[in-house]
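Build out the structure end to end from the sequences listed, making use of the hints.
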Amino acid sequence: MTAVIEIENLSTRFGETWVHRDLNLVIEKGEVMALVGGSGSGKTTLLRQMIGLLSPTQGRIRLFGEPLFTGNPEQERNLRRRFGMLFQYGALYSSFTVFQNIAFPLRELGVVDEDLIHDLVMLKLSMVELLPRHAWLMPSELSGGMIKRVALARALSMEPELLLLDEPTAGLDPDRSESFVRLISSLHQQLGLTVVLVTHDLDTLAGLATRVAVLAEQRILALGTIDEIMKVDHPFIRNFFCCDRAQRALQGRISVENL
Amino acid sequence: MSGASIVLETDAEGRRWLRLAGEWRLMALATHYAALNAELLKQAADASLGWDIRDIQSLDSVGAMMLWRAWGHRFPENLNTRDDLEPVFARLYAAGKLKEAAPEPVPPLEWVATIGGLTLRLWRHLVDFTGLIGQVVLDAGQVIRKPREAPWRESSANLYKSGVRAMPVTALVGFLIGIVLSYLSALQLKNFGADIFIVNILGMGIIRELGPVLVAVLVAGRSGSAMTAQLGVMRVTEEIDALATMGVSRSMRLVFPKMLALAIAMPLLVLWTSAIALMGGMVSAQFQLDISYGYFIETLPKVVPVANLYIALAKGVAFGIMVALVACHFGLRVRPNTESLSANTTASVVSSITVVILVDAVFAIATRSIGLPT
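In order, the protein sequences belong to chains A and B. Numbered per our numbering, the first sequence spans residues 1 to 259. Numbered per our numbering, the second sequence spans residues 260 to 633.
Mixed in with the good hints there might be a few duds.
[Stated by the list, open to error] Residues of chain B placed beyond 12 angstroms of chain A at every Cβ, according to the derived structure:
id, residue
1, Leu288
2, Ser320
3, Val347
4, Leu351
5, Lys356
6, Ile438
7, Leu443
8, Leu600
[Unchecked claim] Pair ranges (Cβ atoms, derived):
id, chain 1, residue 1, chain 2, residue 2, range
9, B, Ser307, A, Gln75, 55 to 63 angstroms
10, B, Ala349, A, His200, 47 to 55 angstroms
11, B, Glu345, A, Ser185, 48 to 56 angstroms
Simulated from the structure, these hints should not be mistaken for lab results. Since the structure is predicted, the reported quantities are computational estimates derived from the model, not experimental observations. Don't be surprised by glycine CBs; every beta carbon is placed ideally from N, CA and C.
Listed below in structure tokens is the structure:
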């Protein structure tokens, strides 16, 4: 197995507050890593640091074995083209149609002809289970679930090896949320993606994650499969996983005796 | 990482095979996409050609789509493939089966509908704007009846933002305009030996006309656009809906303070800018025509009746109210996307400047017999 993301001794400070201290994490190729933690535990911050939107106060992050900030614009751009990010609210360009949104990264690349771009956009739309006629809608005409799907199609348009999801199911009703989880899970299997996701939702966690990293007390408190995490005795983990709603959500996966 | 490669071979039976190998992924293909695609299309013209794609190390949808298109959206008759490449093509096949809706043709009388649509939009603007004016008048009545419930803090904040903070820029622009106007007039007046009339020209021009319009244009660009953008973003982030939910009138809390602030700030800014512009004119007149500051100041009240100052202040109030109302009108029309925000901000500034000029023309007609020296 090769590491896709390596985080070494990462520390982050906002003003006087330390969000992370000496945090270490390695994400392997092909796994689905979920970052969980309470509000303000720095999950989204960590996700943004992984893709270079924020630079850490101290420490090192390597993507595909390369550092994020090399000072070489060409190299940095190529590295950034190897991953796709699904933002929490989709972050679709509101003045573009769905088609233009998905085609945008390909057009920026500037080497592929328009016919191929057209076919690829239609392919991505079908991969996220949208219809060709949706391509001509504006983002303001889409429902919450459709925005997420279009954003996912856009994140996939550069054929990334790594997909980062920030709260992929937040704001979706349970039914939509479940089908979105199924969609991501099937894309993960088909495309052999590495997926990193931040979530609060236990159903999403149970449905997707192969490994879970629990962020609390400014570090990775626990790391492992869901079953392993459940065995860790810590107040935060007990509260997060072992209350009634968590048991209901995880019922399908584990027997109650394990708790 | 090895790039994609194409090799043409002939086997023992004399059949020609195209052997593809390497990485057929977007990032690897990007550098020589055009050449590869042309080569594929050239080779695919020969239907009897065999395709061997077993040596492809990795294939993503871009690579697969290139092949699929070269093959004419179906598998070629002679194809040697690997099982793990199947799903990539299966996705393409599934996507290809979906019917694409052709864009609807433009009906022949589309332009009639466009004109009609524009007229209706203009009508809606007028109706909404009238509604806004009515609402603000009602708010003003409310404020007079219950002064304690009026949004004084917001008004005061707006007064500071759009009045006090605008002083440096209006002063700078006013001073420079004064200098330029005085300099250009002086060149002409010298020819006629009518040097002393520089005071009349600057006094009447700046106080009655230029000062108010100049300030209105500056404030429309500076505060009007800010007001539209602020209301627009509040609309995007649903803050305006949140206000309505709490039973707070948006016109009372957002529109009225802005209007009140500009109605107070604008006449003061007009006074300030006109004074500075006259100073600029005075400086220039002294250099160009040797007209002393003392003479200038002494003559000014004699040649410019004080009524002009009242007209200027009245214009200031009217322009301020119009700029604020137009800005709020467009701000409240912003729909939740960035395009709408930018379009409405532009429309707000352009419309408020236009409205200011229109109102100025009305003033010119209404006051044509007031304040002119006999």
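Okay, the hints, checked on the actual structure:
1. Leu288: violated (8 angstroms)
2. Ser320: violated (6 angstroms)
3. Val347: Given that some Cβ of chain A is not farther than 12 angstroms from that of Val347 of chain B, nearest at about 8 angstroms, it is violated.
4. Leu351: violated (6 angstroms)
5. Lys356: violated (9 angstroms)
6. Ile438: Holds, because the least Cβ-Cβ distance between Ile438 of chain B and chain A comes to about 43 angstroms, which exceeds 12 angstroms.
7. Leu443: With a cut-off of 12 angstroms, Leu443 of chain B remains clear of chain A, as the shortest Cβ separation is near 44 angstroms.
8. Leu600: The claim is violated: Leu600 of chain B sits with its nearest Cβ about 9 angstroms from chain A, within 12 angstroms.
9. B:Ser307 <-> A:Gln75: 55 to 63 angstroms: Violated: the Cβ-Cβ distance is about 45 angstroms, outside 55 to 63 angstroms.
10. B:Ala349 <-> A:His200: 47 to 55 angstroms: At 35 angstroms between Cβs, range violated.
11. B:Glu345 <-> A:Ser185: 48 to 56 angstroms: Once the Cβ atoms are compared, 20 angstroms apart, the range 48 to 56 angstroms for Ser185 of chain A and Glu345 of chain B is violated.
The structure fails hints 1, 2, 3, 4, 5, 8, 9, 10, 11 (numbered hints given earlier, in ascending order).
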